[in-house]
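*Asks:* Sequence:
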Amino acid sequence: MATRCINKVILIGNLGKDPELRYTSSGVAVASFTLATNESWKDPEGNVQERTQWHNIVAWRKLAEICGEYLKKGGKIYLEGKLQYRNYDDKNGVKRYVTEIVIDEMLMLDNKGGSASAGETAPTHEEAPSSPATDLPF
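Residue 54 in our numbering sits at position 54 of the sequence shown, with consecutive numbering throughout.
Do not take every clue at face value.
Stated by the list, open to error - Pairwise CB distance ranges (calculated):
| no. | residue 1 | residue 2 | range |
| --- | --- | --- | --- |
| 1 | T99 | C5 | 16 to 22 Å |
| 2 | S26 | N47 | 36 to 42 Å |
| 3 | V94 | A2 | 21 to 27 Å |
| 4 | N47 | R86 | 34 to 40 Å |
| 5 | T3 | N47 | 16 to 22 Å |
To be verified - No more than 25 Å apart at the CA atoms, straight line, and that leaves these computed lysine-lysine pairs for DSS-like:
| no. | residue 1 | residue 2 |
| --- | --- | --- |
| 6 | K91 | K8 |
| 7 | K82 | K17 |
| 8 | K76 | K91 |
| 9 | K17 | K62 |
| 10 | K82 | K95 |
| 11 | K82 | K8 |
| 12 | K73 | K62 |
| 13 | K42 | K8 |
| 14 | K76 | K62 |
| 15 | K42 | K82 |
| 16 | K42 | K95 |
| 17 | K72 | K82 |
| 18 | K72 | K17 |
| 19 | K62 | K82 |
Just so you know, the hints here were simulated from the structure itself, not pulled from any lab data. Backbone N, C-alpha and C define an ideal beta-carbon position, used for all residues, glycine too.
Kindly generate the complete structure, drawing on both the sequences and the hints.
*Replies:* This is the structure in structure tokens:
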């Protein structure tokens with residue numbers, strides 16, 4: 001019997017910038033933004049140390065549109081998705097490598113707009129079928 005593989009990422013952090021919403025040539029929405037996660041610890045001398053990790057986040061379809069409309073720099077969110085690696089040649093022909101979290105669920109944890117938080121599930125790549133609309137409490 002073959003073993004099952006899992007590629008799952010769960011993060012809680014703060015947006016480093018407003019999401020950039022764009023559309024593919026076939027009209028599919030895609031949003032990208034950065035998310036900061038922090039960890040802190042005490043070193044052997046008892047001083048508090050802190051480290052920030054920056055994550056590249058990508059959302060597709062309806063979830064991308066929701067991210068583009070409601071998420072703002074500094075906002076705290078919970079997200080779930082998968083780790084994805086890709087590479088491309090930049091304009092100078094240099095090969096670049098990118099690590100991204102392609103999300104399929106997102107929950108806003110702070111309420112700057114005064115409404116309840118919302119979650120949304122969406123396909124994780126362009127070829128996936130579109131998901132049914134979800135009623136959101138906005």
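*Asks:* All the hints need checking, so say for each whether the structure fits it.
*Replies:* Here is how each hint holds up against the structure:
{"no.": "1", "hint": "T99 - C5: 16 to 22 Å", "verdict": "18 Å, holds"}
{"no.": "2", "hint": "S26 - N47: 36 to 42 Å", "verdict": "53 Å, violated"}
{"no.": "3", "hint": "V94 - A2: 21 to 27 Å", "verdict": "39 Å, violated"}
{"no.": "4", "hint": "N47 - R86: 34 to 40 Å", "verdict": "39 Å, holds"}
{"no.": "5", "hint": "T3 - N47: 16 to 22 Å", "verdict": "44 Å, violated"}
{"no.": "6", "hint": "K91 - K8", "verdict": "32 Å, violated"}
{"no.": "7", "hint": "K82 - K17", "verdict": "21 Å, holds"}
{"no.": "8", "hint": "K76 - K91", "verdict": "34 Å, violated"}
{"no.": "9", "hint": "K17 - K62", "verdict": "20 Å, holds"}
{"no.": "10", "hint": "K82 - K95", "verdict": "23 Å, holds"}
{"no.": "11", "hint": "K82 - K8", "verdict": "5 Å, holds"}
{"no.": "12", "hint": "K73 - K62", "verdict": "20 Å, holds"}
{"no.": "13", "hint": "K42 - K8", "verdict": "29 Å, violated"}
{"no.": "14", "hint": "K76 - K62", "verdict": "20 Å, holds"}
{"no.": "15", "hint": "K42 - K82", "verdict": "31 Å, violated"}
{"no.": "16", "hint": "K42 - K95", "verdict": "39 Å, violated"}
{"no.": "17", "hint": "K72 - K82", "verdict": "22 Å, holds"}
{"no.": "18", "hint": "K72 - K17", "verdict": "7 Å, holds"}
{"no.": "19", "hint": "K62 - K82", "verdict": "17 Å, holds"}
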